[in-house]
Structures are given as C-alpha cells and as structure tokens.
Amino acid sequence: MKAVGARLPRYDGVGHATGRTVYVDDVRVNRMLHVKALRSPYHHAAIKRLDTSRAEQMPGVAAVVTHADVPLLVYGHLSALGIPADEPLLASEDVRYKGQPIAVVAAEDTDAAQAAVDAIDIEFEELPALFDMRKAFDDDAPQIHHWGPIYPHFEGEMNVRQIRKGNIDEAFEQADKIIQGVYRPAAIEQMPLETQVGLSVPEPDGRFTIYSCTQALYFSMGVVAAHLQQPLNKFKFVGGTVGGGFGGKVDTATETLCTLLAQKSGRPVKWRWTREEEFLCSSTRAPWHMEIIDAVSNDGWILGRKMLTLHDAGGYARFSPYGVTKHSFHHTGAYTIPNLHFDGYVVFTNRVPTSAMRGYGVTSVSFAVETHMSRIAEELGVDPFELRLKNANRIGDTSPNGITYTDPSTVDVLHALAGATDTELAAPYSDTTREMRHGEWLPEHLVGQLGDPEDH
Amino acid sequence: MGSSAEVIRPGSPSEATSAYGDGAGAAVLAGGTLLVPDLHFGRARPERVIMLGDAGLSYVTRSNGTVTIGATTPVDALVGESSPLGPCAASIGDNEIRAQATVGGNLCAPAGFGDLQGPLLALGATARSAGAGGERSESLEDFLTDRSGRLLLDVTYAEPAAGAFASLGRPHAHHYTVMAVSGVRTVDGATQLAVVGAGTVGSRLRSAEALAGDAEAAGDAAGDAVNPSDDPLASGWYRTRTLPALVKQVLSELEASA
Amino acid sequence: MNIIVNGNNRTVESPPLTPLLHVLREELDVLSPKAGCENGGCGACTVLIDGAPRRSCLTAVGSVPDAEVTTVEGLGAPETMSDVQQAFVHYCAAQCGFCTPGMIIAATAYLEGGGSADRVEISEALAGHVCRCTGYLKILDAVAAARDGGFDLSTTAESPHTTVLT
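Protein chains in written order, with my numbering: chain B, 1 to 456; chain D, 1 to 258; chain G, 1 to 166.
Some hints could be false.
[Said to hold, decoys possible] For each label pair, taking beta carbons as the anchor points, the in silico distance ranges come out as:
#1 Asp431(B) <-> Ala117(G): 23 to 29 Å
#2 Ser139(D) <-> Ser366(B): 54 to 60 Å
#3 Asp152(G) <-> Gly80(D): 50 to 56 Å
#4 Gly80(D) <-> Tyr11(B): 26 to 32 Å
#5 Asp139(B) <-> Asn227(D): 36 to 42 Å
#6 Tyr11(B) <-> Ser252(D): 35 to 41 Å
#7 Ser366(B) <-> Ala117(G): 51 to 57 Å
#8 Gly240(B) <-> Ser252(D): 54 to 60 Å
#9 Gly112(D) <-> Ser374(B): 33 to 39 Å
#10 Glu189(B) <-> Asn227(D): 54 to 60 Å
#11 Thr61(D) <-> Asp422(B): 39 to 45 Å
Hints are computed from structural coordinates only; laboratory data are not their basis.
Ideal Cβ positions, reconstructed from N, Cα and C, are used throughout, including at glycine.
Construct the entire structure; sequences and hints are all you get.
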C-alpha cells in the first residue's frame with residue numbers, strides 16, 4: 001500500500017514539462033501523406049453526382065477515398081453491443097449536417113490535398129433543414145433521417161426511453177403543489193487543445209500501425225476493423241497520449257479513413273484537423289430540452305416526478321441512445337423520488353452529431369435537477385439545504401432504474417457544502433446521516449420503497 | 001499550406017511608400033497577428049507582402065502637446081499613455097499579442113478588431129497615409145471610411161486635458177471587446193466621444209457630444225444614433241442598450257477629472 | 001536564412017512567410033511548440049524570441065532573421081529541468097500536457113522579467129494560454145512556487161486551493 005493515499009508524481013509529468021511527450025502529430029514517419037476532406041457545405045442535401053476522377057489526377061495526390069471504397073460503410077461504436085448503426089463513414093446518398101465528410105484525399109502536402117478536394121466534381125440538391133428539435137414532431141418538419149424523426153431502437157424496438165416507477169397518479173393526487181420547470185442547456189464543443197489527429201502506417205506484413213488520439217482505444221480498433229472488414233489482429237493501435245479529450249475523442253474521427261487511404265496508397269497517412277474543423281465538424285455535447293413536473297408536499301417532500309426529455313442527436317445517432325439511457329437513470333439527481341414517469345427521446349436534427357462530454361447525459365440533467373430543487377425550495381419557502389437533505393439519497397433508497405443504494409454520499413456532500421459556505425443547519429438536518437431511513441425520515445410516501453442493501 | 005507571395009522589405013518610410021505604390025495586390029505585414037495565419041490558411045492570397053519590420057515606422061514622438069505614433073509601434077508601447085488610449089491599449093489581447101500587434105494593424109483591422117479606433121477617434125487624431133495619389137493627411141474618421149489602397153504611416157493627436165475609457169469586455173483570456181466608449185476633454189474644453197463595437201468601424205458619437213452636459217440625455221442620444229448588428233459576441237439589441245451606460249460612465253469619469 | 005534554436009544555429013529553407021511554428025515543427029523537427037489553433041488563440045505554440053514570449057503561429061519566420069528562439073526543450077532536459085519545469089511536475093500543473101510547453105515558456109519569461117508570486121499578476125502573464133484540463137489553479141501554484149525552487153520530484157505538492165470534502 002505504497003500508492004494509496006500518497007502524493008505520487010505523474011508518470012508523464014517530466015515528459016510534459018520538458019516537451020518530450022510524443023503526441024500523434026509529433027510522430028514522424030518517412031514518406032508520410034497528408035489528408036484533406038471534402039465536407040458538406042450544406043446542413044441537409046441530397047448528393048446528385050460525385051466524381052473524383054479529376055482530383056485523382058492532380059499533382060501530388062496519392063489516393064482518394066469515397067463511400068465506394070469502404071467495405072462496410074455503415075457502422076457505429078454501439079454496433080458492438082448489438083445496437084443498430086445509421087451513420088456512413090463517408091456520405092453516399094445524402095448529407096445531414098454541415099461539415100459531414102464525403103471524400104478524403106491523401107497527398108504529398110496539405111496544399112496538394114486541398115487542391116484535389118477543390119477539384120472533386122460534386123452536385124448537391126439542397127433540402128430543408130431542421131435545427132430546433134422541438135419542431136421535429138411537427139407534420140411539416142423536414143424529413144432528415146431514414147429512421148424517422150426520433151431514434152426507434154430502444155429495447156423492445158421502442159422509440160422512447162421510459163422509466164415507470166411507483167404510482168405517479170397517486171403522487172399527483174396527494175400533492176399539495178405541482179411545480180414545473182423547463183431546462184434547455186445548449187451544445188458545447190469539448191475543445192481539447194489537440195485537435196482530432198490520426199496516423200496510419202502500412203507495415204510490410206500487411207498490418208497497420210495506427211497512432212491515435214482516441215480516448216477509447218479498443219472501441220476505435222473495433223470500428224476500424226469493422227469498416228475495413230478485417231480481423232483485429234491486422235491493427236496495432238498506439239494510443240494513450242491524448243492532448244485533451246473531454247468526451248470528444250470517444251468518436252473515431254480520423255483513424256478509419258487514414259487507414260483506408262494508407263491501404264489504397266501504400267504509404268503512411270496523417271490527418272490532423274484544423275481548429276476550424278474541430279469547432280464546426282467534430283461532435284459536441286448535445287443540446288437538451290428537459291421538462292420537469294414535480295408533485296410536492298408543503299413540508300418539502302417530493303412525492304413524484306413526471307419528466308420529458310428531448311436529446312438533440314444531430315444528424316446521426318452515434319452514442320445518443322446510451323446518453324439518454326444514462327440520463328434517465330439519473331433524472332432524480334442525488335435525491336430519492338418514489339413515483340416516476342420519465343420519457344426520453346433521441347431526436348434527429350441537421351446539427352453536427354452530438355456525443356460524449358464530461359458526464360455524458362448526466363451533467364445536463366444534474367443542472368436541470370439542481371435548478372429545479374432550488375425552484376421548489378423557493379416556491380415552498382423551504383430552506384434549500386433542508387429540502388435537499390430531506391429528499392437526499394439514503395442507504396436502502398432505490399434509484400430510478402431500481403438499484404438499491406448501498407453507500408450514497410448526498411448527505412455528506414450537502415453537509416460539506418454547508419460547512420464550506422458557512423451555512424448553519426438546524427437540527428435534525430445538521431445530524432442527518434446516510435444511514436437507512438427511519439422515524440420522520442421515512443414519510444408515508446416512502447413506506448414500502450426501501451430496498452435491502454444486503455441484496456447487492 | 002503557405003503563401004508564395006513576393007516578399008518586400010523596405011528599409012525606410014519612403015521605401016515603404018514606394019514599395020506599396022497604389023496597394024494593388026499588396027498585403028502589409030507589420031506585427032503579423034492577423035495576416036500570418038490568414039496567409040497560412042489561404043484566407044489571404046496577396047501577390048506581394050510588404051514587411052514593415054525595418055521600415056522605420058515604430059516611434060512615439062511628442063512636441064508641443066502633439067503626439068505622433070508610427071504605424072508599426074507595438075500596442076504595448078501605448079499601455080502607459082493617459083486615458084483613453086492607455087487603458088484601451090491595455091485591454092487588447094494578452095501581453096504576448098500586445099507586444100507583437102501594431103497600432104497600424106489594429107486601426108486597419110477588419111470588423112471585430114480595431115479597438116484603438118475608439119480612443120484615437122475621440123482624440124480627433126489625424127492619419128497620414130500613402131497610396132494612389134501620393135501621401136495625404138486626413139482625419140482618422142475619414143481614413144476609416146475608406147482604408148483600402150492606403151498604407152497608414154502614422155497618427156497624430158493633441159494631448160487632451162482629460163480622458164476616460166469604458167469597455168464592455170468578456171471574461172475571456174483575450175477579452176474580445178463587445179463595445180467600448182472613449183471620451184476626451186480637449187484643451188479647449190470640448191467633449192469628444194467615440195465608440196467601437198457599434199458598427200464595422202469605430203465612430204464618433206456627435207449627438208451625444210452635443211449633450212455632454214447631461215449624461216443621461218447624452219447616453220440616450222448615443223443609443224439612438226447607432227444601429228449595431230448581431231455577431232457572435234453580442235446581439236445588436238444588447239449593444240444598443242449597453243451603449244448609453246458606457247457613455248454615462250465615460251462622461252461621469254470626465255466630470256470627475258475636471 | 002538562419003535562426004538560432006535552443007543555442008544551435010539552424011538554416012531555414014522554408015519561405016519567409018511560413019509561420020515560425022511550422023518551420024520549427026515541420027522543417028527543424030523541434031516538436032514541443034504545439035499547433036493548437038494556428039490562429040493565435042490558444043498559446044500552445046508560444047516560444048521565446050530573443051527572450052520575449054511570442055506566438056510562433058503568428059510570426060512569419062522571415063520577420064525574425066537571426067533570432068534566438070527558445071522552446072521548452074531548451075529550458076531543460078529531464079535531468080536538468082529548470083525551476084519552472086520542476087514546479088510544473090511537482091504541482092501536477094500539466095495534465096494532458098498539450099498547453100504545457102507554451103505555459104512554461106510564458107511563465108519563464110514572466111519570472112525572468114521579475115514577476116511576483118501574486119496570483120492576479122501570474123494570471124495576467126498567462127492570459128494568452130488556454131488550458132482545458134487543470135482549471136489553472138495548479139498552474140498558478142507552480143509558477144508562484146517556481147522562484148523558490150528545491151522541489152522533491154519523488155512526490156507531488158498539495159495545492160493550497162484544494163478543498164477536500166470529508
């Protein structure tokens with residue numbers, strides 16, 4: 001036990017401080033090619049014609065790859081879990097967001113690659129675009145996705161992630177007050193200092209060494225192998241040095257296309273996105289639309305919650321179903337509410353696809369829940385600490401997805417917050433613990449709700 | 001990527017003027033903070049680039065209450081000047097950018113930059129420039145209305161009796177200015193006001209100047225006189241409603257320094 | 001033309017309008033300055049030019065002939081780290097490390113210019129440098145402590161800003 005509790009130096013600290021750490025863009029390989037992408041200039045359009053023959057003849061161009069070159073065009077990170085995929089590696093029939101890649105060129109330098117991209121002959125038919133997910137359900141909303149306006153493949157082929165717990169109608173009948181709120185956090189770019197970057201090197205034995213900035217190395221390896229329809233042992237991934245990710249580098253943004261270009265050209269291929277591409281074309285945290293309606297008692301118990309969540313997936317699903325599922329499990333925050341009615345939808349729009357960022361699906365709902373808790377406290381005239389301590393998760397309470405908490409820290413965090421803000425808590429709130437509810441902490445609406453931690 | 005433009009390095013102001021000629025196909029590289037990345041990414045594709053580093057245009061001279069600032073004087077050389085010029089210069093970029101960016105580059109920058117236009121307009125500065133038709137001096141205000149084809153050489157202003165500066169920045173490492181108001185009391189007792197962030201270039205606020213004795217009315221007049229558009233920093237609506245507060249702040253600072 | 005990089009005289013073949021960043025990285029294989037944004041917005045490419053911190057992505061190499069350029073490689077190797085480098089290790093001021101070369105260069109120039117341990121002044125000196133990992137406090141700690149030196153690099157320091165919830 002030399003490490004636990006000790007203040008150890010970072011294993012990579014000296015490399016960082018002396019400029020010796022080798023990031024993907026610092027890897028140098030002989031005869032390396034550089035990549036530029038033809039990206040959609042439209043938010044939504046049909047591709048009527050795509051001809052790369054002129055680009056292929058441009059000076060310095062070694063390879064051009066389009067959808068026709070990809071052995072398995074449509075594959076997603078969640079495919080490995082049996083969840084259907086919807087996003088082509090390169091657009092073939094239509095483009096669903098501005099910046100979507102359609103073709104990539106590998107050339108001697110980025111100027112030559114860009115000149116070839118500019119020489120690709122392409123014709124679009126621009127289509128109406130949708131940016132406000134609240135309008136996706138309208139009859140006259142633009143048709144964006146072949147699956148319809150919302151993701152249809154939750155378990156049981158449902159188009160909604162649902163939570164049903166307790167008796168929601170009874171909770172609302174017993175309520176002294178109904179308190180509502182709508183919360184709409186916007187999209188955020190993860191903005192790592194290192195932009196998306198990859199390098200794929202063809203080896204003499206037919207394998208590829210892939211230098212990747214991925215946050216999820218085995219995910220990325222599986223995605224490359226699937227698109228290329230080759231076994232995993234064809235790929236040696238070199239990862240682990242990430243110049244910031246924050247969720248944005250869970251996507252496999254460059255590795256697959258670099259490898260296809262390396263395969264076609266027989267040369268090492270590096271693709272580093274510009275900051276502009278990172279901002280405009282890489283995934284972001286999703287915009288969310290959350291409506292909360294709570295049944296509360298005058299003395300500050302939350303008896304039941306109805307919640308509607310819309311998650312903006314952008315043009316393709318990517319990890320969105322996973323994000324909404326996590327979101328649904330956390331939609332009561334750090335608090336226990338016994339009667340729940342939650343509906344969450346993954347909505348398609350013509351925004352850049354959204355993906356993971358720092359607490360995927362949870363950060364947004366935590367913002368909504370905490371803001372709503374303060375709103376409840378204000379409307380009831382109850383102290384915000386007391387409201388939170390009353391409803392705080394305790395040992396034996398159950399989560400929205402039916403997990404019995406064995407060691408929840410809500411009470412301890414609230415006490416620490418009170419201490420840090422010099423807030424005097426009155427008894428019994430000052431003495432609350434995380435221990436199992438009993439006495440006045442087990443009000444009528446929680447009787448029969450407690451689980452046995454021993455079962456876990 | 002990169003630029004294949006011809007590079008010219010004048011060694012004096014007159015060499016710079018003749019190298020610039022009528023400015024056709026030319027880009028001027030002073031500090032480079034705007035032009036170098038534009039060249040690198042191909043956003044600017046000039047035929048020739050005139051590097052002003054050795055052109056002898058970096059100077060601040062003072063004589064008889066008149067100050068002249070050469071076009072390639074770095075922004076950080078102005079940080080110690082009195083208000084509004086000094087505080088405005090100190091609010092531009094960060095210390096590394098201020099040491100590299102130049103006064104001329106800032107004054108000639110596209111919309112969204114050009115913070116120094118505000119104080120120098122309020123100071124009633126004169127701009128001396130070269131280009132087609134030779135060298136000419138005009139008010140900075142006139143210069144800003146048509147900068148194309150002109151090589152700014154220097155700006156000159158009379159030191160004011162008092163000055164004030166109020167800025168609505170953002171809590172960001174680079175403090176991009178949403179809107180800023182500069183105010184000057186001239187040695188003759190006149191009040192001169194200018195704003196940046198209310199249009200593509202800075203402008204004088206003459207209707208507010210005329211009401212300078214009544215800060216409230218002057219602020220309202222300034223708000224009525226502008227019609228700013230939306231950009232990623234702020235909406236035009238927000239700017240229109242913010243301007244009166246900045247004008248009032250500047251006028252009260254001027255009042256206090258009287 | 002020639003420039004001096006970390007004490008070594010180097011010949012530059014790149015065209016004069018090439019950003020110094022790309023001359024360093026692509027021609028001279030000096031890799032610590034990072035291409036974070038290439039538009040002067042992030043500070044990951046900052047180097048010392050004749051002792052002053054400058055964004056190498058905004059500097060045309062032709063505008064700094066014969067300049068002395070110092071990158072973080074030139075401040076100290078792993079065995080010979082400067083006090084600022086040691087402080088960054090000791091205070092865990094580098095997390096992903098991508099902004100670190102620029103941060104250390106700017107911090108070095110600040111302290112060599114007589115900068116104090118005042119957190120506001122350090123923040124001002126580092127204002128052009130974006131870090132997405134650390135939240136900046138550990139960086140401020142490291143720069144403030146760097147002047148005194150003498151770090152035990154077998155451990156890390158507790159940040160005075162750290163509040164541990166109990």
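So which of those numbered hints doesn't the model satisfy? 1, 3, 4, 6, 7, 10, 11
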